[in-house]
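Sequences listed follow chains A and B, in order. Take 79 as the starting number for the first sequence in the numbering used here and just add one per residue. Take 2 as the starting number for the second sequence in the numbering used here and just add one per residue.
Bear in mind the hints are in silico, worked out from the structure with no lab data behind them. If you're wondering where the values come from, they're calculated on a predicted model, not measured in any experiment. Heads up, the beta-carbon is just placed ideally off N, CA and C, and yes, glycines get one too. Just to be clear, a hint being listed does not mean it is correct.
[Claimed, not checked] So, partial list: chain A residues that the calculated Cβ filter (under 8 Å) puts toward chain B: (1) L122; (2) L124; (3) I179; (4) R184.
[Unchecked claim] Footprint (simulated), chain A over chain B, 3 or more residues, beta carbon under 8 Å: (5) 13 to 23; (6) 108 to 117.
[To be verified] Restricting the straight-line Cα-Cα distance to at most 30 Å, the calculated cross-link-like pairs of lysine-lysine (DSS-like) are: (7) K139(A) with K41(B); (8) K127(A) with K20(B); (9) K42(B) with K127(A); (10) K146(A) with K53(B); (11) K41(B) with K127(A); (12) K53(B) with K127(A); (13) K146(A) with K42(B); (14) K10(B) with K37(B); (15) K53(B) with K139(A); (16) K37(B) with K23(B); (17) K146(A) with K20(B); (18) K20(B) with K10(B); (19) K45(B) with K127(A); (20) K10(B) with K139(A); (21) K23(B) with K10(B).
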Amino acid sequence: AQSVTQPDIHITVSEGASLELRCNYSYGATPYLFWYVQSPGQGLQLLLKYFSGDTLVQGIKGFEAEFKRSQSSFNLRKPSVHWSDAAEYFCAVASRGGSYIPTFGRGTSLIVHP
Amino acid sequence: DTAVSQTPKYLVTQMGNDKSIKCEQNLGHDTMYWYKQDSKKFLKIMFSYNNKELIINETVPNRFSPKSPDKAHLNLHINSLELGDSAVYFCASSNIRTSGRANEQFFGPGTRLTVL
Numbered sequence: 079a080q081s082v083t084q085p086d087i088h089i090t091v092s093e094g095a096s097l098e099l100r101c102n103y104s105y106g107a108t109p110y111l112f113w114y115v116q117s118p119g120q121g122l123q124l125l126l127k128y129f130s131g132d133t134l135v136q137g138i139k140g141f142e143a144e145f146k147r148s149q150s151s152f153n154l155r156k157p158s159v160h161w162s163d164a165a166e167y168f169c170a171v172a173s174r175g176g177s178y179i180p181t182f183g184r185g186t187s188l189i190v191h192p
Numbered sequence: 002d003t004a005v006s007q008t009p010k011y012l013v014t015q016m017g018n019d020k021s022i023k024c025e026q027n028l029g030h031d032t033m034y035w036y037k038q039d040s041k042k043f044l045k046i047m048f049s050y051n052n053k054e055l056i057i058n059e060t061v062p063n064r065f066s067p068k069s070p071d072k073a074h075l076n077l078h079i080n081s082l083e084l085g086d087s088a089v090y091f092c093a094s095s096n097i098r099t100s101g102r103a104n105e106q107f108f109g110p111g112t113r114l115t116v117l
């Protein structure tokens, strides 16, 4: 069974600073990988996803993520954070066989200082 | 033109009561889900329906019963509510037929259930 680890519960950055949120997964092969964002009081919205091909994936709102097979990681990055990026971020992994239900990480709460 | 909608948004009730949460999606998706998000933001799958048929039923108390009258609706009924049921419940949908296992899920805004 797959699993996802988001090692950082909270991340605090200043507006305009760069951001990297970490995600590590455990799965026997290359999984499907997702990043979702949850704004306060809202449901989750897909930021980006990786299925195959180019390991650097571009998403909405200026986010990107890089799949690194050797590190079993799929870290989310943004070069310059805006105050509106403050939210909860979830990494998720789905297997290429068996259940297609994604497994979500525990989430990382992003706090943005002015 | 909301894609996935849930009602109510907030639900406050007493222990022992029975309540329902409704979910509707207008995306034409074939699969719908219920998730529970606890106070630590951990998101756990509860049920999944594909074309009105139950396909995933994780270990949840049988006080929780999903009902799918058609492909666009998946309601969650909870009997004999307990304090531990307090959480945010999210409905989601996806299109397994077209996207297969690489399925992007579209989430509703959530229903915050508080059991007193």
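Now the hints, each set against the structure:
For L122(A), the suggested interface contact is upheld, since its CB lies about 4 Å from the closest CB of chain B, less than 8 Å. A distance limit of 8 Å between C-beta atoms decides the matter here; for L124(A) the minimum to chain B is near 5 Å, and the interface restraint holds. Taken as an interface hint, I179(A) checks out: its beta carbon lies about 5 Å from the nearest beta carbon of chain B, inside 8 Å. This hint holds: R184(A) has a C-beta 6 Å from the nearest C-beta of chain B, less than the 8 Å allowed.
With 0 residues carrying a beta carbon less than 8 Å from a beta carbon of chain A, the stretch 13 to 23 of chain B misses the three-residue requirement, and the given coverage is violated. With 4 residues having a Cβ less than 8 Å from any Cβ of chain A, the stretch 108 to 117 of chain B passes the three-residue criterion, so the hint holds. For a cut-off of 30 Å, the pair hint linking K139(A) to K41(B) stands: about 26 Å separates their Cα positions. Of the supplied pair hints, the one linking K127(A) and K20(B) is violated, its CA atoms being roughly 35 Å apart against a limit of 30 Å.
With a CA separation close to 21 Å, the supplied pair K42(B) and K127(A) stays within the 30 Å bound. With a CA separation close to 38 Å, the supplied pair K146(A) and K53(B) exceeds the 30 Å bound. Of the pairs offered as hints, the one joining K41(B) and K127(A) holds, with about 24 Å between alpha carbons and a cut-off of 30 Å not exceeded. Distance check on the hinted pair: K53(B) and K127(A) sit about 27 Å apart at the alpha-carbon level, within 30 Å; holds.
For the suggested pair K146(A) and K42(B), the alpha carbons sit about 26 Å apart, so the restraint of at most 30 Å is met. As the CA atoms of K10(B) and K37(B) are separated by approximately 14 Å, the hinted pair is consistent with the 30 Å bound. Proposed proximity of K53(B) and K139(A) is contradicted: the alpha carbons are some 34 Å apart, above 30 Å. A threshold of 30 Å between alpha carbons decides the hint, and for K37(B) with K23(B) the separation of about 14 Å falls inside it, so the pair holds.
Proposed proximity of K146(A) and K20(B) is contradicted: the alpha carbons are some 45 Å apart, above 30 Å. Proximity of K20(B) to K10(B) is assessed by CA-CA distance (about 13 Å); at most 30 Å being required, the pair is judged to hold. Of the pairs offered as hints, the one joining K45(B) and K127(A) holds, with about 20 Å between alpha carbons and a cut-off of 30 Å not exceeded. For the proposed pair K10(B) and K139(A), the alpha carbon gap of about 26 Å is at most 30 Å, so the pair holds.
Simply put, K23(B) and K10(B) have alpha-carbon atoms about 10 Å apart, close enough for the 30 Å limit, and the pair holds.
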